[in-house]
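Engineer: Each chain, written out:
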Amino acid sequence: MKQTFTMIMILATYLSVAQDKAELPILFPESLEIELALSSLPKHLRSEATVYILKRGEGHVLKKKGSNGFTALVERVPGFANAFAPVSYDEEGTRTHIPRIIDQGKWIEEGKSAKEIRETVAMKFARNEYSIPRAMGISYMLSPTNILPSPLGKPALYYPHYMIYAPYAKPEELGLPKFGWHSAVPPCWIRGHTR
Amino acid sequence: MVIRLGTEESAQIREDEKELVAKMEKFLDRKLSSFELAMTHSH
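First to last, the sequence lines map onto chains B and Z. Throughout the first sequence, residue numbering follows the working numbering, covering 1 to 195 in sequence. Throughout the second sequence, residue numbering follows the working numbering, covering 196 to 238 in sequence.
If we strip away everything but chain B, and leave its shape as in the complex, we get (with noise of 0.2 Å):
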């Protein structure tokens, strides 16, 4: 009887251990994420790229280091186990930004939550683990196969866009309205870091 009641606890806490933990993000074919992760970039680009990839259990590992720069993968989105963004950044943007996407990918297929997930990376923010960019710089999105949750959270198809940040600049230098990060002038959203 005391067997059975401690069998009964062990599994009843494993499977409140399972349904804790979010699903596991959409993985690809190596050589299919391979190509999703290049197809962010211009052509001219690809060739001299770095490149990660994901992998089960692991999250985004080097598959290919480069020599022009540029770093691309496939993000993955918390929350959203079927979405998905081939992404690329220039160098300073691999120095900056593609490190918290690598730790986001590494905690999605940990199974933590969006919301762990998110407060965790404003932590690390508020504690300079992560750098900000120190000059303006350019992420590439122009794959045509974004697929991200739309404003009222179902997977949407995205343009193919690329994204300027540009650290401590004000929207109002760039011509933008001063409040919101997605303004209200197509094509031009604001988003990232501003002062």
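Source of the hints: derived by calculation from the structure; they are not laboratory data. Idealized CB from N, CA, C, for every residue including glycine. Be careful, since some hints might not be right.
Unchecked claim - Subject to a maximum C-alpha distance of 27 Å in a straight line, what follows is the list of computed DSSO-like cross-link-like pairs (lysine-lysine):
#1 Lys55(B) x Lys218(Z)
#2 Lys112(B) x Lys226(Z)
#3 Lys213(Z) x Lys106(B)
#4 Lys43(B) x Lys226(Z)
#5 Lys226(Z) x Lys65(B)
#6 Lys170(B) x Lys154(B)
#7 Lys43(B) x Lys218(Z)
#8 Lys226(Z) x Lys154(B)
#9 Lys154(B) x Lys221(Z)
Stated by the list, open to error - Chain B side only, calculated, beta carbon under 8 Å to chain Z, not exhaustive:
#10 Leu24
#11 Leu27
#12 Phe28
#13 His44
#14 Thr96
Stated by the list, open to error - Over 10 Å on every C-beta distance to chain Z, these chain B residues come out as not near it, computed from the model:
#15 Pro29
#16 Leu32
#17 Glu35
#18 Gly57
#19 Asn68
#20 Ala81
#21 Lys106
#22 Val121
#23 Phe125
#24 Ala126
#25 Ser143
#26 Pro155
Given the coordinates of chain B, work out where chain Z should sit on it, guided by the hints.
Structural biologist: Here is chain Z on its own, set in the frame of chain B:
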């Protein structure tokens, strides 16, 4: 600042990447055009 490419440029990219789009649609078992089209994202 996110700068979305225009409709024509996006269509050209889809054409240039049609093999990748086909592979993705096969993998997902779904046409990419069947997804809601969104203009901005919050990831």
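Engineer: Confirm or reject each hint.
Structural biologist: Here is what the structure says about each hint:
no.	hint	verdict
1	Lys55(B) x Lys218(Z)	20 Å, holds
2	Lys112(B) x Lys226(Z)	30 Å, violated
3	Lys213(Z) x Lys106(B)	31 Å, violated
4	Lys43(B) x Lys226(Z)	24 Å, holds
5	Lys226(Z) x Lys65(B)	33 Å, violated
6	Lys170(B) x Lys154(B)	31 Å, violated
7	Lys43(B) x Lys218(Z)	18 Å, holds
8	Lys226(Z) x Lys154(B)	16 Å, holds
9	Lys154(B) x Lys221(Z)	21 Å, holds
10	Leu24	16 Å, violated
11	Leu27	10 Å, violated
12	Phe28	7 Å, holds
13	His44	13 Å, violated
14	Thr96	16 Å, violated
15	Pro29	8 Å, violated
16	Leu32	6 Å, violated
17	Glu35	6 Å, violated
18	Gly57	21 Å, holds
19	Asn68	20 Å, holds
20	Ala81	13 Å, holds
21	Lys106	17 Å, holds
22	Val121	12 Å, holds
23	Phe125	17 Å, holds
24	Ala126	21 Å, holds
25	Ser143	7 Å, violated
26	Pro155	6 Å, violated
Hints 2, 3, 5, 6, 10, 11, 13, 14, 15, 16, 17, 25 and 26 from the list above are not met by this structure, while the remaining hints are.
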